[in-house]
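Novice: Sequence order for the protein chains is A and B.
Counted from 1, the first sequence has number 63 at position 63 by the working numbering; the numbering is strictly sequential.
Counted from 1, the second sequence has number 1401 at position 401 by the working numbering; the numbering is strictly sequential.
Nothing false has been slipped in among the hints.
One-sided excerpt, in silico: chain B residues whose CB lies under 10 Å from chain A:
no.	residue
1	1321
2	1325
3	1326
4	1327
5	1328
6	1332
7	1333
8	1370
9	1386
10	1388
11	1389
12	1390
13	1394
No lab work stands behind these hints, which were simulated from the structure alone.
Backbone N, C-alpha and C define an ideal beta-carbon position, used for all residues, glycine too.
Below, each chain spelled out in residue letters.
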Amino acid sequence: MSKTGKDTVDTTRVEVNGRPRDLRADPATPLLYVLRGELALNGAKFGCGMGQCGACTVLLDDQPVFSCVTPLAACAGRRVRTVEGLGSAARPGRLQAAFIEHQAAQCGYCIAGMIVRAQALLDRVPHPTDDQIRRHMEPNLCRCGTHHRILAAIRAAAGAAP
Amino acid sequence: MILRTVAAGAAVVAAVLGIAIAWTRPAAIAPAAAPPAPPSAAVLAAGARVVALGDCMVCHTSPVGRAYAGGLGLATPFGTIYSTNITPDPDTGIGRWTSAAFRRALREGVARDGHQLYPAFPYTHTTRMSDQDIDLAYAYLMSRTPVRVRQPDNELIFPLNFRPLLAFWNMLYLRPGDGAAPGPGQVERGRYLVDALGHCAACHSGLNLLGGERNPPFGGGTVDGWHAPALTRLASGRVPWTQDDLADYLGSGLSLAHGAAKGPMRPVTERLAGVPRADVEAMAAYLMTIQQPARAMVAASPQAAPALVPAAVKASGTESAGAALFAAACATCHGPAAPLTRLANRPALARSSAVTGDDPANFIQTVLHGIAWERPAPGGAAAAYMPPFGDVLSDAQVADLAAWVRTGMAGRPAWSDVARASGKLRKEARP
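Only chain A is shown next, with the shape it has when bound in the complex (with noise of 0.2 Å):
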């Protein structure tokens, strides 16, 4: 499935917010910088580079992942979404209107780990408790320190869901 002999010159193919893309990186390269360089999804963030901070999250096969440290070759055959997936800036989706009503960006740099992460959580439980939104987004950090703005766009975007 995947491509990682060193001769081959075969890309890598995955499905990125609904398109099959042929991917030319080195599957030695973590997605983040393919996401990043080859794709030009410039959504998900470098943070740490250790899968410590949750700024490069994205979905693998709908379960949220650091992408700093997913190897390409492990995304083969595969689907990611990005928070590009979720909405355009003119066209948010339901949690990027969220965050953009209660503000719950400050620098910004950690939310669109943020909003994929919860876009996860949301999948699986429609109407998650606030405990259950607690303990679903304790990887992900945020150094300005927004996390009640997060939580209330959350709970939003969870309470208008049909």
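Position chain B against the provided structure of chain A, taking the given hints into account.
Specialist: Okay, now just chain B, sitting in the frame of chain A:
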């Protein structure tokens, strides 16, 4: 006629069993008339130390419950046993227990009302606690905040759900202690802490078919899908443990020579972080006295010798797949020049016990589930953190990674069946 004989025979057997059970059934101890007087600060501190050394909290607290209120499900080959509430709540905890009832529970495995406790509760070890330490533990636990919560019933297979049978089990495995304090000297103190309080053998000896600890002890076992390494072979192998290494590891959850405590050992070290250094040093000193001679070990494990082979030279197919995964997923922290090893002085992955051990379980578990952030513990320092890769890597990729780390980086013979073990451990993982 035959039917009648059989029925009569069964009746006789039942009667004999009944008499035996009635004969062995311990009496109830009357409930305490009033709660004990609040202990002095000195007794409280000494009791906290005993309870930390006994790791009571590790089993008697569930991940979603209050401290000492029980409810942690212990998966045994015989079914699931839920730990009990040992807060001083009068109805659901031990609030009505006298110190005599508490002492009998620790010494004989019998609850206040006379029912037999299951040996998941390590009374086969606490039976050798000193009277003084038992009283200190009692004083400490009775001064905790009472929590009113009834824990789920055990889910055990027949006939093990019939508690009186434990009287017979106890005849085989319970060697009651006499309440004496340990003898003088660091090693004796360490033996006492490892055996009576720490009950290390409960995990590190492995269990036989009857659920008794294997003898001789400390030959290694399995708990919750993790390998509990043999404690008799610590001083042999390519990276022998020293007494200082062990004391560091027990007291802080991290040995700079061997790596971090993970899995079920992690909460143990979190508790031991709160006891005086002299206690973990005593445990380490005792453990050094039970080491098998190194020469016997070399003969027993043919793979002890191979030298470290430069990785790039001998990469096979699966190893190079693993090397690619390693470069993206692991190298920022575990690569040769990573700040974690260069600045934070963490041991190279090739020295980690999870990599050098004969059983791949701990490597797989760590890759799949990572190491969680430290839970707040008194005196606990952040030992280690690792993100989980269970949602990132397939079982085949875990095996590729294992091939690279184990063989390519650490120069050890490959483990077999890693992908299958990974799939199995993934399924067994608790939610």
